[in-house]
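Enquirer: All chains, full assembly: derive it from the sequences and hints.
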Amino acid sequence: MADLSTSVGGIKSPNPFWLASAPPTDKEYNVVRAFKAGWGGVVWKTLGEAGPPVVNVSSRYGAVHIGEQRIFGLNNIELITDRPLEVNLREIKQVKKDWPDRAMVVSLMVPCEEDAWIKILKEVEDTECDGIELNFGCPHGMSERGMGAAVGQVPEYVEMVTRWCKSHTNMPVLVKLTPNVTSILGPAQAAKSGGGDGVSLINTVNSITSIDLDLMAPTPTVDGKGSHGGYCGPAVKPMALHMCAEIARNAGTAGLPMSAIGGISNWRDAAEFIALGAGTTQVCTAVMHYGFKIVEDMIDGLSDWMDQKGYAKISDFQGMAVPNITDWQNLNMNYEIVAEIEQTKCVKCGLCHIVCEDTSHQAISAEKIKGERRYEVIDKECVGCNLCMHVCPENCITMRKVDNGKDYMNWTQDPRNPFSNAAE
Amino acid sequence: MGKSMAETRDVAAGRCTAPALAEAFADLHAPLTEQQAYNESSRCFYCHDAPCLEACPTGIDIPGFIRRIATGNATGAGRTILDSNIMGATCARVCPVEELCEEVCVRNTGDHKPVTIAQLQRFATDALFDANMQPYARAAETGKKVAIVGAGPAGLACAHRLARYGHDVVVYEARAKAGGLNEYGLAAYKMPDNIAQREIDFILSVGGITIETGKALGKELSLDQLTSDHDAVFLGLGLSAVNALGLDGENVDAVEDAVDYISDLRQAVDLSAVAVGRRVVVIGGGNTAIDAAVQAKRLGAEDVTLVYRRGPEQMGATDFEQDLAQTNGVIIRHWAMPVAIKGENGSAVEMTFEATQLDGNGRLEGTGARFTLMADQVFKAIGQAFDAAPLGGGAAPEVSDGRIVVDENGKTSVNGVYAGGDCVAGQDLTVSAVEDGKVAAEAIHLELSGQNSNKGVS
Chain W
40 MADLSTSVGG IKSPNPFWLA SAPPTDKEYN VVRAFKAGWG GVVWKTLGEA
90 GPPVVNVSSR YGAVHIGEQR IFGLNNIELI TDRPLEVNLR EIKQVKKDWP
140 DRAMVVSLMV PCEEDAWIKI LKEVEDTECD GIELNFGCPH GMSERGMGAA
190 VGQVPEYVEM VTRWCKSHTN MPVLVKLTPN VTSILGPAQA AKSGGGDGVS
240 LINTVNSITS IDLDLMAPTP TVDGKGSHGG YCGPAVKPMA LHMCAEIARN
290 AGTAGLPMSA IGGISNWRDA AEFIALGAGT TQVCTAVMHY GFKIVEDMID
340 GLSDWMDQKG YAKISDFQGM AVPNITDWQN LNMNYEIVAE IEQTKCVKCG
390 LCHIVCEDTS HQAISAEKIK GERRYEVIDK ECVGCNLCMH VCPENCITMR
440 KVDNGKDYMN WTQDPRNPFS NAAE
Chain Z
6 MGKSMAETRD VAAGRCTAPA LAEAFADLHA PLTEQQAYNE SSRCFYCHDA
56 PCLEACPTGI DIPGFIRRIA TGNATGAGRT ILDSNIMGAT CARVCPVEEL
106 CEEVCVRNTG DHKPVTIAQL QRFATDALFD ANMQPYARAA ETGKKVAIVG
156 AGPAGLACAH RLARYGHDVV VYEARAKAGG LNEYGLAAYK MPDNIAQREI
206 DFILSVGGIT IETGKALGKE LSLDQLTSDH DAVFLGLGLS AVNALGLDGE
256 NVDAVEDAVD YISDLRQAVD LSAVAVGRRV VVIGGGNTAI DAAVQAKRLG
306 AEDVTLVYRR GPEQMGATDF EQDLAQTNGV IIRHWAMPVA IKGENGSAVE
356 MTFEATQLDG NGRLEGTGAR FTLMADQVFK AIGQAFDAAP LGGGAAPEVS
406 DGRIVVDENG KTSVNGVYAG GDCVAGQDLT VSAVEDGKVA AEAIHLELSG
456 QNSNKGVS
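Chains as they are written, first to last, in our numbering: chain W, 40 to 463; chain Z, 6 to 463.
Hints are computed from structural coordinates only; laboratory data are not their basis. Certain hints may be false.
Unchecked claim - Derived SDA-like pairs: lysine to any residue, alpha-carbon spacing no greater than 25 Å straight-line:
hint, chain 1, residue 1, chain 2, residue 2
1, Z, Lys150, Z, Leu378
2, W, Lys384, Z, Glu108
3, W, Lys384, Z, His117
4, W, Lys132, W, Leu118
Expert: Here you go:
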């Protein structure tokens, strides 16, 4: 069994699987159940300052279902914890005491005033938790009160608050980033400049799940009205991977510890983020869909895969994919692949043909030979786009490399590029 | 065999309690729930040039209607079905899909389980009916009059399409109700909740169709009169004659035609009043034989034995129907033919069968080995035949091999007279009859409207 222990920004964890700051980590009862199930750590649902009440509405989640697959994406309009601060603090302290080997990170969100942060930092320190996460990401409700994404979208605020925290506590500080920005690099750089020990990303994406065509209102609907919420779940994973990759390969932010979030549902998803440099991963939607037990598969799935690959510990493959993420102009123009249909597995649905014919390169012929349908790739028309492979419901199309004898040549070297180095 | 004593027939009604009967004759397949229909529709690959569509005699755009179910457009799905097959609701319940669309579904290959197209078709057509939608508008009246003889699937399909084109249609029907085999000839558990009449009501609701029941060709009507009174005539006569066993004793009251029994059962208001024998023998291998056997069993017959002269592969009944009979406790005896019937009116009959085999030339022959079965009720289901006599003499359409001869448009040898359904050659299926009626309607419309016709309504 591979060693799954890991750390991020100085926070140690027995495995890279944490629960993200969200409803599953709102109270002792849930968190203890999670730890019993095997989760390596939690980020406690965001605490706010004592006093002003946080009140949630009824009807809080919207979801996108695809076919029989429920919750491809989930959207919420919940706020930070609506439980009294002192109750949360007491429970956090107790759980940390009972589960010393697990990572206990506390998410915080208070107004952009230094005194407010000083006050809460002292209270949180008393819990002996392992670190804090600054919630600069929440896209609804709290942002309208000048917190959450309202801070995270302004790099100067991110840096300022991060610096306050670092100067008033010794606890490791993770800065949770909102994806609702044009480039993630600004806020990431600000978190680093402010002295943050790492970043957590992505928070939820601004979204409206759907419009109820009878009510003529967005879902989730609260008495006929709705508001945008934060989107998460498998649907957002590609965006999260991109943002993590940007931080990992940007000179100014490379190496900044990352706790990855965004649609992570299984060990493979987690491994992908670790391959982009993440130290830990955070899960919410998948447990809100299936319960805490999924961590069992995450643990042994990751371990078995690492064993098979010969990775003894997380750091053996952490960040390994980063050098292979590059700009389009560096891709090899001479790399050539064509589709190949495994005829014995083909069920003759014809989707490869019709999508290529209607929407791409007319590179798959449709014939009837003695009444039998047959679909064939026309090699010379195939541009190797992969579309047929993706639509094939039986997974019987592979892309075959064509040995064209040509050397590597990227766009900057390509004579077809008027601005290429090779051009006159 | 000892000397035969005339044993009184044990034929009685009410062998089962009313609740048991209600359950036994309820829907054979429960309708899909909305969630089930959505899940099942998601299994469809939306094939290009789909094999299922090709296998459907009426050419329903199956991937098209299934996708509509998946998007929550169930009424659109229903309309897509009815565009090609106005009796899509009945066909969803009775089509032998395991030999048509579902047989060729590509999901048989990977999953070994086709998309349940018939169930989805039922879901969609039910949705359309439940919504009380009328998807079709009648074209402006043309003033042309078409007579249709026979209000079965072929006749009604033809009538609907002609009515949509604006022609005036009169459908003459010999029986008391329209519907043909949909109303009189299918097992009750396949057509519950009066679906045949609901479907007819829907068909008639487009307007322009009059149904006159109690009018039979050769009796109240003559073909000559119809052709002179109308611009065109369509014959959807069905098969009104029943094949006989050709045995002495066939005329005793214990021996009945299965089609008559099925028809009476379908028309029965109270199933607990329908009499059934204690011991029932059914002779035949088609779906009619199965319908009679299974319904007899469900009415409470103790022993039901279906005897067929060849093997399971040669049976006209589909595998599904054969399984249904067996799981309902019907004993199927293959390779045996009736050779003698002993009994009298009011008595049970002793049926003697001889085992059969194929001779060197593949012809059926008796082996000489015999067995007997005592029966309180015997159902003959050895096929029906077309009765050409009502067509009259003189200018009657040509008949060959016992069916009316038609070209690819359903046109008979007589000008202006078309025919379709079971009375012409082809598969004796509801779905084929609907297609015949549809094709003939297009041809009739073309003929009536001359060169400047509409290309089609769908």
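Enquirer: Now tell me, hint by hint, if it's right for this structure.
Expert: Each hint tested on the structure:
no., hint, result
1, Z:Lys150 with Z:Leu378, "55 Å, violated"
2, W:Lys384 with Z:Glu108, "18 Å, holds"
3, W:Lys384 with Z:His117, "13 Å, holds"
4, W:Lys132 with W:Leu118, "23 Å, holds"
In this structure, the one hint that does not hold is number 1.
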